[in-house]
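For reference, the chains in residue letters:
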Amino acid sequence: MTKPTGPEAVRVAGLHKSFGPLVALDGIDLAVPPGQVYGLLGPNGAGKTTLIRCLVGLLHWEQGEVEVLGRRMPDESVLAEIGYMTQAAALYGDITAEDNVRFFAAIHGTGDIDAALRFVHLEDRRRSVTATLSGGMRTRLSLACTIVHRPRLLLLDEPTVGVDPQLRAELWDGLRAMAADGATIIVSSHVMDEAERCDRLGLILDGRLLAEGSADELRTQAGTDRLEDAFLALAAQGTRADAP
Amino acid sequence: MSLRRTLAITRRLLAQFRHDHRTLALLFVAPILILGIFALLFENGTSPAALGVENLDRGGLGSRLVTRLEASELVAVEEASRPELDQSLEDGELDGFLVLPADLTERLGSGELGIELHVRGTDPGSTAAIQRAMAQAFPEALAGVLPPTGAGPPALDVEPIYRYGGAELDTLDLLGGPFIGLVVFFLVYVVTSVSFLRERTLGTLERLMASPLRRSEIVVGYMAGFTVIALVQAVEVLVFSVWLLDLYNAGNLLLVFLIEVLLALGAINLGIFLSTFARSEFQAVQFIPLVITPQILLSGLLVPVASEPEWLQLVSNVMPLTYAVDGLKAIMLEGRGLESGGLLTDLAVLAGFAVLALLAASTTLRRTVA
Chain A
1 MTKPTGPEAV RVAGLHKSFG PLVALDGIDL AVPPGQVYGL LGPNGAGKTT LIRCLVGLLH
61 WEQGEVEVLG RRMPDESVLA EIGYMTQAAA LYGDITAEDN VRFFAAIHGT GDIDAALRFV
121 HLEDRRRSVT ATLSGGMRTR LSLACTIVHR PRLLLLDEPT VGVDPQLRAE LWDGLRAMAA
181 DGATIIVSSH VMDEAERCDR LGLILDGRLL AEGSADELRT QAGTDRLEDA FLALAAQGTR
241 ADAP
Chain B
1 MSLRRTLAIT RRLLAQFRHD HRTLALLFVA PILILGIFAL LFENGTSPAA LGVENLDRGG
61 LGSRLVTRLE ASELVAVEEA SRPELDQSLE DGELDGFLVL PADLTERLGS GELGIELHVR
121 GTDPGSTAAI QRAMAQAFPE ALAGVLPPTG AGPPALDVEP IYRYGGAELD TLDLLGGPFI
181 GLVVFFLVYV VTSVSFLRER TLGTLERLMA SPLRRSEIVV GYMAGFTVIA LVQAVEVLVF
241 SVWLLDLYNA GNLLLVFLIE VLLALGAINL GIFLSTFARS EFQAVQFIPL VITPQILLSG
301 LLVPVASEPE WLQLVSNVMP LTYAVDGLKA IMLEGRGLES GGLLTDLAVL AGFAVLALLA
361 ASTTLRRTVA
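So the sequence lines, in the order shown, correspond to chains A and B.
According to our numbering, the residues represented by the first sequence are 1 to 244, in order.
According to our numbering, the residues represented by the second sequence are 1 to 370, in order.
Simulated from the structure, these hints should not be mistaken for lab results.
Errors might be hidden in some of the hints.
Unchecked claim - If you want a taste of the chain B side facing chain A, the calculated C-beta under 10 Å gives, among others:
1. 107
2. 109
3. 113
4. 117
5. 204
6. 212
7. 213
C-beta atoms are modelled at their ideal positions from N, C-alpha and C, and glycine is treated no differently.
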């Protein structure tokens, strides 16, 4: 277990979190430097969302330390610099797309609404009532609300669910551009082509970080050609190691 | 119709209840609570009307009449001088008082007795009780003093003098004012609690909690937004009741509006506060039988608070609607203004409740999701 100090955008040490008898996070150590795109991979219920919620202070944890943008969490002063996108597109359905983005800009005190809508290719639907947008459009709008205040740290919980492959590629180009500008991005996913776009991946299973590395490193480590196979192989190894 | 498919619906429904203990508890607790309050309110029957008497009669009829009235279960009699009686009627300690003239016994032959009956006029039940008690007591009192003549005893024909309102006030006038308060409180509460809960169930609250927004900013922002809606509603309710329903109003409409606003602010904050304890819109709506119904029963809207059992009055006295009902009656029926200590108390309590609910709402709103 490492002490959380240093220049990392996110540093997690020995994080334990349980919900009653269910252990959701079982000693997570994580360090993400500024400007990195870090992918949290793992099946449903692995602990990805719980980890992200701990990072923004939405959950209390029993053990361990979390440091975000140089401040020890929970610390509300850091929230202005974070963009958090929840798994379900949490938006206000009865106002327009533009009004949703404007609202999130206002509560963060800053933001370029037009740029955010352009980023997710929704300029032409800006005046549509949000409830009338398709599922994929709502996901994109949710992303626009997350990035509108140009946060230094983006926490994206499965951000491209329901978005078609072509738009997904364009969104990722946008996210890579933000990272190039210095933003740190932590993204949870179980889509493998998304994982390929991350600088570094962490494989989470049953609340533990089983393996970490770039996509290539993970493939080499598992001795497979496809990331998906590597994922399955590493998960199987992790589970076996777990057996008494 | 397939029995299997139909039973599938039934079985699923019962399974849902098995996992929603709160709904189940409510289904069985709420009726007992509501019927229990109902029984407590009405089983005692109505308490006697408070009747003051100034007996100036030099003859024997006055004191005989007072004795007979004292024996009546319909009224509780208290003898005092005129200025004291006037003050007590003003303060609401008396429902009415009688002035028996000095020459009452002498007037017996003349037909015109000169008895004055002053009533508050805001509670037709007590006025009727006083009139019934007099109608019973008078012939009994006469039996001892009246010289046996061929003609029957003189009729007791006393026209009440109303302090507030008058004989023309109907049930609508008497209940309408307090009802304005109830309507505002109920609707604002329901709309606020459900829409704040939607913020939680849709996940937007989670986003707000992960933003720099402070909890107090969320609650006060909500309060301000709903206040705009509530103000429009309050104006609408007032215009409809006073101009279209022709509700009796002896006081300043701005004060009625002020009570509506304070009540709405309290209802908004209470709605946000209680929505913290609900997991679904369904559960939020379930608070209605627990939060709203007892207030309807105990606020003095149906039965005067003073005639409730004493311990139940304590419950009434912590409910905001009680003060709204009292204040609305004082303004609309009695024409009282800010010079009235009672009305100022009502306004202060309503304002205090709104602040208390605001503090409760902002402190229970947690930043964490679990």
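Hint check:
1. 107: violated, 75 Å
2. 109: violated, 80 Å
3. 113: The hint is violated - residue 113(B) has no Cβ within 10 Å of chain A, the shortest such distance being about 70 Å.
4. 117: violated, 60 Å
5. 204: Residue 204(B) check passes; min Cβ-Cβ to chain A is 5 Å, inside 10 Å.
6. 212: Residue 212(B) check passes; min Cβ-Cβ to chain A is 4 Å, inside 10 Å.
7. 213: Since chain A brings a Cβ to about 5 Å from residue 213(B), closer than 10 Å, the hint holds.
Hint compliance for this structure: hints 1, 2, 3 and 4 are not met, and every other hint is.
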